[in-house]
Amino acid sequence: AQSVTQPDIHITVSEGASLELRCNYSYGATPYLFWYVQSPGQGLQLLLKYFSGDTLVQGIKGFEAEFKRSQSSFNLRKPSVHWSDAAEYFCAFSGAGSYQLTFGKGTKLSVIP
Amino acid sequence: GAVVSQHPSWVICKSGTSVKIECRSLDFQATTMFWYRQFPKQSLMLMATSNEGSKATYEQGVEKDKFLINHASLTLSTLTVTSAHPEDSSFYICSARGLPKAGAGDEQFFGPGTRLTVL
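From first to last, the protein sequence lines are chains A and B.
The numbering used here numbers the first residue of the first sequence as 25 and each following residue consecutively.
The numbering used here numbers the first residue of the second sequence as 14 and each following residue consecutively.
Honestly, the hints are just simulated from the structure, not real lab data.
Even for Gly, the Cβ is constructed at its ideal location relative to N, Cα and C.
The reader is advised that the hints may include incorrect statements.
From the derived model, a few chain A residues whose C-beta atoms are all more than 10 Å from chain B [what the hints assert, rightly or not]:
hint : residue
1    : Gln26
2    : Ser38
3    : Arg46
4    : Ser50
5    : Gln66
6    : Trp107
Below, a sample of chain A positions facing chain B; criterion: calculated Cβ distance under 8 Å [unchecked claim]:
hint : residue
7    : Gly67
8    : Leu68
9    : Leu70
10   : Phe114
11   : Tyr123
12   : Gly128
13   : Gly130
14   : Ser134
Bound-form chain A, shown alone (with noise of 0.2 Å):
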């Protein structure tokens, strides 16, 4: 079955330092990969997206995610975590080609001043 999973239903860091958020896909072939914040009030804000290419891949905010084939992850990084981070992440993917979205559960990350 396809699927996301994010195994880390809530996380919380210090502010300034780093943090992983991970996400681990099922498909049978190579999805296209997403990241998405959600603060309350607003809608979701594409962080960065994998469709092909560098395995690395730079977002917005400072975040950069890596894909890994072998282990079917798509793990979000940030080397240093601002209070302004504080919201729901959720990982997401879709077939390429396709447009339908398959979201993970989110990761609630809290960040201590």
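Using the hints provided, position chain B relative to the given structure of chain A.
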């Protein structure tokens, strides 16, 4: 980036009434719009895919007679929750996909969501 709006942002209604939620793409033409439902602390679940000028395609388990979707123009889609009940209370989110750019893959732009509470 492209902007998608939803109206209303929140609504409270009595059980048995119908509620209409609008989704608009403000600065681009949306050939396809999607409606999602999000329960507290849960992921977004795709309800239906709406293409302009044609009938919506509903996901398995979603009642098309209860969740009426109309994609009347390239900038507007509406979701009507008919005869709403407390179990329909949820956060409804729309997204819009514009005309694809060659080699750019597909991207959806999300609205801010509508919080529906049915009493």
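Structure-based check of all given hints:
With a least beta-carbon separation of about 12 Å from chain B, glutamine 26(A) lies farther than 10 Å from that chain, consistent with its non-interface assignment. Here serine 38(A) stays apart from chain B, with its beta-carbon at least about 24 Å from theirs, past the 10 Å limit. Listed as outside the interface, arginine 46(A) is consistent with that label: its C-beta sits roughly 15 Å from the nearest C-beta of chain B, beyond the 10 Å cut-off. For serine 50(A), the condition that its CB be more than 10 Å from all CB atoms of chain B holds, with the nearest at approximately 15 Å.
Non-interface status of glutamine 66(A) relative to chain B is broken: a Cβ of that chain comes within 10 Å, the nearest being about 6 Å off. For tryptophan 107(A), the non-interface assignment is confirmed: its Cβ lies about 22 Å from the closest Cβ of chain B, beyond the 10 Å cut-off. The beta carbon of glycine 67(A) is positioned within 8 Å of a beta carbon in chain B (closest approach about 4 Å), and the interface hint is therefore held. For the restraint placing leucine 68(A) at the interface with chain B, the shortest Cβ-Cβ distance is roughly 4 Å, inside the 8 Å limit, so the hint holds.
A distance limit of 8 Å between C-beta atoms decides the matter here; for leucine 70(A) the minimum to chain B is near 7 Å, and the interface restraint holds. Interface hint status for phenylalanine 114(A): upheld, as the beta-carbon distance to the closest one in chain B is roughly 7 Å, under 8 Å. Hint status for tyrosine 123(A): holds, given a least beta-carbon distance of 4 Å to chain B, under 8 Å. A distance limit of 8 Å between C-beta atoms decides the matter here; for glycine 128(A) the minimum to chain B is near 6 Å, and the interface restraint holds.
Annotation: glycine 130(A) was flagged as interfacial toward chain B, and the flag holds, the nearest CB pair being 6 Å apart, inside 8 Å. For serine 134(A), the suggested interface contact is broken, since its CB lies about 14 Å from the closest CB of chain B, more than 8 Å.
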